[in-house]
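Using the sequences plus the hints, can you model the full thing?
Chains as they are written, first to last, in my numbering: chain P, 255 to 626; chain V, 255 to 626.
The set of hints was computed from the structure by calculation and includes no laboratory data. All values derive from a computational prediction rather than experimental measurement. The reader is advised that the hints may include incorrect statements.
Copies of one chain are not kept apart here, so a pair can be met inside one copy or by any two copies together.
[As the list claims (entries may be wrong)] No more than 25 Å apart at the CA atoms, straight line, and that leaves these computed lysine-lysine pairs for DSS-like:
1. K326 with K393
2. K429 with K520
3. K558 with K520
If you want the building blocks of each chain, they are given just below.
2 protein chains.
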Amino acid sequence: MNTPVLIMDRSKVLSNYRDMKSSFPDFHVAYAMKSNSDDSILSILLKEGSDIETASIAEIRHLIEIGVSPEKIIFSNPVKPESAIRDAVEAGIRVMTFDSLAEARKFIPYKDFIKPVFRIDVPNDGSLWVLSGKFGSPKRVWPTIFQFMEENDIPLAGITFHVGSQCEQAATWGKALERVGECALLAKSYGLKPEILNIGGGFPIFLGREIPAIKDIAEVVYASIEDLRREGIVFEKFYAEPGRFISGPAGTLCTRIIGIADRDIKGQSEKWVFLDTGVFSGLMETIDGITYPLYSSGTGEPEKVMLCGPSCDGADKMFRVVLPSPKVGDIIYMSGTGAYTMSYSSNFNGIEPPSVSFVDATGNAPENFILN
Amino acid sequence: MNTPVLIMDRSKVLSNYRDMKSSFPDFHVAYAMKSNSDDSILSILLKEGSDIETASIAEIRHLIEIGVSPEKIIFSNPVKPESAIRDAVEAGIRVMTFDSLAEARKFIPYKDFIKPVFRIDVPNDGSLWVLSGKFGSPKRVWPTIFQFMEENDIPLAGITFHVGSQCEQAATWGKALERVGECALLAKSYGLKPEILNIGGGFPIFLGREIPAIKDIAEVVYASIEDLRREGIVFEKFYAEPGRFISGPAGTLCTRIIGIADRDIKGQSEKWVFLDTGVFSGLMETIDGITYPLYSSGTGEPEKVMLCGPSCDGADKMFRVVLPSPKVGDIIYMSGTGAYTMSYSSNFNGIEPPSVSFVDATGNAPENFILN
Chain P
255 MNTPVLIMDR SKVLSNYRDM KSSFPDFHVA YAMKSNSDDS ILSILLKEGS DIETASIAEI
315 RHLIEIGVSP EKIIFSNPVK PESAIRDAVE AGIRVMTFDS LAEARKFIPY KDFIKPVFRI
375 DVPNDGSLWV LSGKFGSPKR VWPTIFQFME ENDIPLAGIT FHVGSQCEQA ATWGKALERV
435 GECALLAKSY GLKPEILNIG GGFPIFLGRE IPAIKDIAEV VYASIEDLRR EGIVFEKFYA
495 EPGRFISGPA GTLCTRIIGI ADRDIKGQSE KWVFLDTGVF SGLMETIDGI TYPLYSSGTG
555 EPEKVMLCGP SCDGADKMFR VVLPSPKVGD IIYMSGTGAY TMSYSSNFNG IEPPSVSFVD
615 ATGNAPENFI LN
Chain V
255 MNTPVLIMDR SKVLSNYRDM KSSFPDFHVA YAMKSNSDDS ILSILLKEGS DIETASIAEI
315 RHLIEIGVSP EKIIFSNPVK PESAIRDAVE AGIRVMTFDS LAEARKFIPY KDFIKPVFRI
375 DVPNDGSLWV LSGKFGSPKR VWPTIFQFME ENDIPLAGIT FHVGSQCEQA ATWGKALERV
435 GECALLAKSY GLKPEILNIG GGFPIFLGRE IPAIKDIAEV VYASIEDLRR EGIVFEKFYA
495 EPGRFISGPA GTLCTRIIGI ADRDIKGQSE KWVFLDTGVF SGLMETIDGI TYPLYSSGTG
555 EPEKVMLCGP SCDGADKMFR VVLPSPKVGD IIYMSGTGAY TMSYSSNFNG IEPPSVSFVD
615 ATGNAPENFI LN
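Written as structure tokens, this is what we have:
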């Protein structure tokens, strides 16, 4: 087997999309292509009727090029270069996110063409990568922004939020939707009429810990929407933006042990296992603490080791794990690696990202995957 | 001005190389191409007589393709796939680093062709990115490795170390060379005769703090070599592996403010400034705490802001800095960005890395650059 290779299971991409859609039947499911923008994945999802969530004008251009209708594309990066807004409008994109006054200002020339969706700051409890902070307008700023929109006749088409990436607590969606309610009421007082509700992404996948099922998250979301309705806050169109949920579990990274070394870390001896894939060639999320369930082709006594990548960089180290007696040549299979692996890859040190191989398998990872 | 663009000053690449060479006149200066592998830089250095330090077989293949003689190439990644060692030997590469028994084992079929250089663990005091830990053999392992080499007739061609990236204390090289002495004495007792001394990289550039001049580091190194000589430890061939020192100060990244937003961070309001270049499109080193001296085209009252990048990723945030009243459209010039920027870039979110533009300017960054 040539390594490193990312095996992508097309049937899983499809079943993950269908799970999402069946849990959120009246939602537009807009696949976050930043998680894995491979055309093979896009094509499966587009055939199935998926919308696509984009983060840049380059992503939009690519979709238009491969024939995606602009109505299926939403532009959810809250902060965009002015030229990107112009080009997106020209391409026929209507739904776009913002979360600041400076961004609302850029909308003025395009106000008759666009559907601005306002991203609010919400708690990110239980998520592995907190997005609150960088994105989402805090409550204290809402009045200034809404007044500006009212004065400049910029429509407020909807409200959105993001609970953070890989959010492992269903209740966090409920808290976010409470805040959506507050925001919608305030908007109303400025004569603004948000009709779109976009619940963002963050839907978790199995990475070794207990997670809520997508049905459980949907239950929280639908109950909260019903609560809002009872308060007179009614949305007409719904979006969800799963990325990792669709592409993540479809991927298994096959990487090989290329070296083993004795090291001293703070005076303690430790075995380091060098893989042919590292932080800069696919496993970037490990630096923020992600650990993938994995399986080794090796046999022998279990040993605790530190996994690291093939580059000369000291930051190219991943996580500690117990492996059956590791040897140069053993293959390590990491599951849940279909999302945010290829998309983060660079050619640092001249080391190529893994190749990608699509299969139509079914079934789950081997039962003996090692959980960290 | 189209942004983002990295302006690379060819004349600085040349003068940095010459500074290095004049401080270390009897050293082979082997440029660490992982810092910036642009052919324009390689070509300047090769014409000047530089050797090249490589981290992967892909880098070696590229050098051979552009006509570099294999004697000018050293392969300094201490952990290499077996196939990379085979292909490097076939390409005529002789000098290669190792720091583990598993790696020494891979050398057996090639022992008549290669010059193995042993990398030892040394203190990384004063360096911004510690490499100790991932690389460098701890002292307790040396006897096992040397015995294996003696028994298998693998030559020990030399000793090397790395003080860590951007090492800002000259004395750290002295400490490392003391340990080289210990290692050389032990090697002798196994009948091994290291003739190469490679002092690695880590030579610092100006990033806003006081740093030792390259002459001062050379003074420490030469004094230590003299100390070793007095103890009967004599090396015949010397290498240094500057990367950042040569390419870093030659680069100025020109990036534009594309958005400004009010945020709440732990209950405190803060202004966030969004640039068209971020962690995943060039400024990766900021996540480990690097701050580049910078200059803004903006004017007005100084304000403390948080700089972040254009992607939808929460990790795409950089550092806090005081800018003259930031506005969308202002250009931010970051100096010292010629190294480890393009090489770490990915296309995450579909966002392209900066374009690169070569100039032949002279002189230093504007005197009014803001230091963080």
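Tested hints:
Proximity of K326 and K393 under a CA criterion of 25 Å is satisfied in neither setting, with 30 Å inside one chain copy and 61 Å between copies. Taking the closest pair of Cα atoms, K429 and K520 come within 25 Å of each other only across two copies (18 Å); inside a single copy the shortest separation is 42 Å, beyond that limit. Taking the closest pair of Cα atoms, K558 and K520 come within 25 Å of each other only inside a single copy of the chain (16 Å); across copies the shortest separation is 37 Å, beyond that limit.
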